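Chains A and B, in that order, are what the protein sequence lines are. Here the first sequence is numbered in our numbering, starting from 522 and rising by one per residue. Here the second sequence is numbered in our numbering, starting from 70 and rising by one per residue.
These are calculated hints, taken from the structure and not from any lab test. Note that the structure is a prediction, hence the values are computed from the model and not measured. Do not rely on the hints blindly, as some may be mistaken.
Here are the computed lysine to aspartate or glutamate pairs in the EDC-like style, where the Cα-Cα straight-line distance is at most 20 Å [to be verified]:
{"no.": "1", "chain 1": "B", "residue 1": "Lys312", "chain 2": "A", "residue 2": "Glu811"}
{"no.": "2", "chain 1": "B", "residue 1": "Lys182", "chain 2": "A", "residue 2": "Asp644"}
{"no.": "3", "chain 1": "B", "residue 1": "Lys325", "chain 2": "A", "residue 2": "Glu618"}
{"no.": "4", "chain 1": "A", "residue 1": "Lys841", "chain 2": "A", "residue 2": "Glu829"}
{"no.": "5", "chain 1": "B", "residue 1": "Lys312", "chain 2": "A", "residue 2": "Glu618"}
{"no.": "6", "chain 1": "B", "residue 1": "Lys325", "chain 2": "A", "residue 2": "Glu768"}
{"no.": "7", "chain 1": "B", "residue 1": "Lys182", "chain 2": "A", "residue 2": "Asp679"}
{"no.": "8", "chain 1": "B", "residue 1": "Lys216", "chain 2": "B", "residue 2": "Glu271"}
{"no.": "9", "chain 1": "B", "residue 1": "Lys312", "chain 2": "A", "residue 2": "Glu636"}
{"no.": "10", "chain 1": "A", "residue 1": "Lys577", "chain 2": "A", "residue 2": "Glu636"}
Chain by chain, the residues run as shown.
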Amino acid sequence: MKIHEYQGKELFRAAGVPVLQGQMVTSADEAAAAYKKLGGPVAVVKAQIHAGGRGKGHVIDNKDQRGVVLVRSADEARAAADGLLGNKLVTIQTGPEGQTVSKVFVEAGCDIARELYLGIVVDRAAAKPVLMVSTEGGVEIEKVAEETPERIHKEHFDPAVGLEAFQARKLCKKLDIEGPAAKHAIRFMTAMCRFFVDYDCSLAEINPLVITGNEEMIALDAKITFDENALFRHKELEELRDLSEEEESEIRAGKAGLSYVKLDGNIACLVNGAGLAMSTMDIIKYHGGEPANFLDVGGGANATQVTEAFRILLSDPSCKGVLVNIFGGIARCTTIADALITASKEVGFNVPLVVRLEGTEVEEGRKMLADSDVEIINAMDLTDAAEKIVAATK
Amino acid sequence: MSILVDKNTKVICQGITGSAGKFHALGCRDYGTQMVGGVTPGKGGQDVEGIPVFDTVEEAVDKTGADATMIFVPPPFAADAILEAVDAGVRVIAAITEGVPVLDMVRVYEKVKASDSVLIGPNCPGLITPGQCKIGIMPGYIHTPGKVGVMSRSGTLTYEAVWQTSSLKLGQSTCVGLGGDPIVGTNYIDLFKQFQEDDQTEAILMIGEIGGSAEEEAAAFVKENVTKPVAAFIAGRTAPPGKRMGHAGAIISGGKGTAEEKVAALEAAGIVVAPSPAKMGEAIAEAIRKA
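If we strip away everything but chain A, and leave its shape as in the complex, we get (with noise of 0.2 Å):
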């Protein structure tokens, strides 16, 4: 789950990590009022999406107007809002359709003396979380960990001890961080390090990280993504969840239980487990069709869940067809072919279906099928089926 970056900073700021002033705000002239309570003379007015690259990034049909804008009166702070608020903006990671900017964030501006990065991540290979560090702030981290490698210092940490004093002056001195500035870079990486755990992140990341003109460290940025699996944990966290900066259908999805993520083409797939359901898409794709979605409706999928599964596929105007792939194993294909028939009735498959059924009581699942009344396209396997979908959809 992500959230934004002013309710990171909000988080931040109660776990000691150092951050400026600044307020959220949906309207234009909120965003001037911030401006005057900040007291100036420059301030920050930020997008707040849950998609990084902001600064570099441009509104829809406004190269000019930027996703992050330094502003110096009451009326730049009026304008930058309203070129943002209810546009859409690109960057590098919102896909060329952009995504619609409802809030953003006015910040006290500072005196950067010197631009850092910082990000926490769980290093799958080293099986701990791991603290990177950088001098190459303010820029794209991944040019840097391919270009420059050397310039992303790391330290692995236990999680339920933290990141020790050791580790954090080891990485001063690699950042060239000295005197008073290191006391304070060191209490802020064992605060991040501190948050990182009892938030249960999957990432944290803080780019740019500045040094000020009075060598505090403070973070300009927060960029969070917290373990979905570990959100029993922290009901808290449930109220910063923005359903708007998700797709619908996604939501959707998740609320039945389904694993649904929307792509491009027009081949809608329903399978179960999630490593046959990226195979679907894969086959799909290498028999020269495109798979509008992933889902998988996983193992233990009731009737219910497969029914409403298939009204969010054929909900999509753009699907041309269905592949429905099953290997029943905990999944039973009679279940499958219960809901299949039901969603026929419910919503009606006006595109052609091809459906693969293997594994558990296949036999009987097969049968009711056949049957109904209900129009189907019957695979053999899955090149078979692939084909199949292929052609019935060209």
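Put chain B on the given structure of chain A with help from the hints.
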């Protein structure tokens, strides 16, 4: 022979009184697995269709001599259940539970590595030595005893691969579902070592997916250490970056973990890579022919 489990393995089920635990414990017993007990705190002394229930894993091991466990307890308690099994000295621990927080697994992983236990999963279908011992949720009937060692990060895709190798009359020595999470107890390399030394295993099929670098590391290991024929498939060639494909581990982030990179690494190690998921059986057959 086979790896990890065989007809002598005695298995308990943690979470046996829950609906999934009960269903699959009985399914495993029907398959022929020696299901000797179950554990649910507070329900010791009961039984599940003749399978005795104990309050703690320690007690279950003491009374039954179990050396393997399969875990179905809900995600908030899964880490604790794994640690309890490690503490009781259970040799093979299969954690089926899906949705375990990743930081819980950081804690568990370290304890497991410092012990003599082997952890399979979490978020996995379990493991099976066909005809001898099934520990997990896979449909038993698709398996046949044979010569291919199968390992995978995905559940149903493993069934697909098993089905294909059964149809080609190759059969399987042991099949292991590693699990779809970012941190799992056992990786490909651990199993390559065991399959390489196992007499029954004549060829090894590895089913990977996008995300992380486990497949690349396995490819490097195979190149240096594995003399048996190896074939592989990577799921997610068409997955877009930044989108999580069901499994918490299956995500391309920062341009890393793409299928292309993985396929290139596998091919460079002399592994036959199936171009489509329908060709996994054929790929392992080809690897055997070429050897």
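Original post:
Among the hints numbered above, which are violated by the structure, and what are their numbers in rising order?
Top reply: 3, 6 and 9
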